[in-house]
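Participant: Sequence order for the protein chains is A and B. Numbering of the first sequence is given in the working numbering, commencing with residue 258 and proceeding in unit increments. Numbering of the second sequence is given in the working numbering, commencing with residue 111 and proceeding in unit increments.
Treat the hints as calculated values from the structure; they're not laboratory data. We put the beta carbon where it would ideally sit given N, CA and C, even for glycine. Fair warning: there could be bad hints in the mix.
Said to hold, decoys possible - Quick list of simulated restraints, FRET-style, between CB atoms: (1) B:Q115 to A:A633: 50 to 56 Å; (2) B:A245 to A:L279: 26 to 32 Å; (3) B:Q115 to A:N552: 44 to 50 Å; (4) A:D650 to B:A245: 31 to 37 Å; (5) A:Q269 to B:K285: 52 to 58 Å; (6) B:H247 to A:G629: 39 to 45 Å; (7) A:V599 to B:D283: 51 to 57 Å; (8) B:S137 to A:L544: 54 to 60 Å; (9) A:R272 to B:E185: 37 to 43 Å; (10) B:H247 to A:V603: 27 to 33 Å.
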Amino acid sequence: MRLAEELAFAAQSLRAARSRTLLILLAMAIGIAGVTLLTWLGESGRRYVTDQFSALGTNLVIVLPGRTETTGGAPPLLGETARDLTLDDALALQRSDAVLRLAPIVAGSIAVTHGSREREAMVLGSTAELLAVRHLELGSGTFLPAGDPRRGGAECVLGQTLRHELFGNAPALGEWVRLADRRFRVTGVLASAGRSLGTDLDEMVVIPVAAAQALFDTEGLFRVLVEATDRDSVARATADCERILRDRHDGELDVTVITQEAVLSTFDGILRALTYAIAGIAAISLLVAGILIMNVMVIAVSQRRAEVGLLKALGAAAPTIRTLFLWESLLLALLGAGGGLVLAEVASRVAAAFVPELTAGTPGWAAAAAFGVALAIGVGFGTAPAVRAARLDPVAALARR
Amino acid sequence: MIELQGVQRVFRVGDQEVHALRDIDLSIAPGEYLSLMGPSGSGKSTLLNVLGLLDRPTAGRCRLFGRDIGDLDDEAQARVRRQSIGFVFQSFHLVPRLTTAQNVALPLVLAEVPRAERNERVRAQLAAFGLADRAEHRPDELSGGQRQRTAIARATIGRPQLLLADEPTGNLDRKTGADVVEVLEKLHDEGLTLIVVTHDPDLGRRAHRRLRMVDGRIVGDERAPGAHDAAR
Ligand SMILES: Nc1ncnc2c1ncn2[C@@H]1O[C@H](COP(=O)(O)OP(=O)(O)OP(=O)(O)O)[C@@H](O)[C@H]1O
Ligand SMILES: [Mg+2]
């Protein structure tokens, strides 16, 4: 039989069982649309996060106390006995000409009070440079004053949400807030920055690093943010940081220096894996659709035994019968997949119209993948019923009425 | 054209053996008009199925169109059915979702006859069988006689040499049955070898060669000018 005739024949049998066909197409379309949309959501999310990272500046080098990578060599005798990363360590990094600026950071959580209002807030002890290094924006007032970071002032800068929670609609600039037993004067309020890399800047209070060290009674820094002079000097800045700190720590490298780009690619990988995992779970619905196709084909074969017998009597060999039934399941799978893609495309465009962070339209490879999967489902779940039809004994098939 | 020697067909049902055909010797020449009669369960349909390559004999030799069918694989048997044999069944076996024209076209579709030629032949065939105005109807919109004529048109559109009819009038009233027989006999007059299984003695007598089967054996093989020949 010619291909066009086979297709026409299969299409006509599908049309004859209209409601059954439509239901299977729907199941298949939902499965494909589900996988496509979830993949698209995951992709959009990944792109959003990596864009956020890039906005922070790809020139960023982060110095953490302690060694998190195993680089071989003799293991420390008593576990991790990392030396503190001190403020002087941080300031020493300024010696490298690959370093444009840096911001030491001490972090902790503490109750912030103003009058009768009290809020638990993240405290970020840092320097005036933080504003530039983290690309922060001030809503009003001034940021921390420049000057010797070793001398802790009593200025503080509030995040938007925290300001609102402490002051309501009353002006905050120039007012005093209390952190534990210390008083700080509000010199500035950050512009709303939203969430960035898991820390909600809107709910933080920024104070001078030395004040934070005194507040939390610690010498050690949480980390040092270093901005390299440009993108090409990131590697040199990294090397310089390691060299300077090793020299200061008696030749032992007990800090970890990571670049923004390394973090970015790690996140990228994690989110990608997450996307695949979600899509994999959604793929179960495709399995269900496949089983439905198989079910419907088994029913079709048993209902059309006489037809199979007749076709054999008219001179159709077993392979022809098999091909005809296989085309039916393939058409179901492929047409369903086509419908699912249209569904996903429309849904993604509508969603993107409301949520600007989402990219409009499903990725092009999704279409190719969907049709590949549909092909596999059509053949995979359609073969058994088709083979069964092809094997029917024509005499028995014609005799049963 | 057909040569059967010691053909047997044994069905195994559980641990019981049913001998549907026992030791059949039969030779049929081209252009013959045979009727095959006998009580129910005597093996008439089984014999027809063996002759039509729908069933393989358990034992014996069977030559068809000069070839031993034991040597033919499934594909080759299908080709012989496609090119040389037509079937007509008691219950018509039209495909319900296809129109009359599409049902009649099926053998040509299977034989990969080009569309233009196919349409032309179907049109001519429908006209010859008085079905031209029913071309776009589906089987459930046809009368019994029209359905059987559609089935015969389908069985013969591929220009077979042999037409096998298993109780072709079994589901029809007398008048309609007579019309259908007339159609079959006209095809025989045009050169087709015709074998008709029937329970109707009047119909059986129309053939010039009348076989009688009992319990899987051919017990009568009578040659005499039939009613059809007399009418000519
Ligand atoms: N598939 C089968 N399995 C077991 N036995 C069968 C099978 N097909 C036919 N038989 C048996 O073979 C014998 C001959 O059957 P067949 O159908 O050829 O009879 P028939 O002469 O055509 O009868 P009828 O006039 O009722 O159509 C019967 O006894 C029947 O029961
Ligand atoms: Mg019978």
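Participant: Which numbered conditions among the earlier hints are violated in the structure presented, ordered from lowest to highest?
Facilitator: 5, 9, 10
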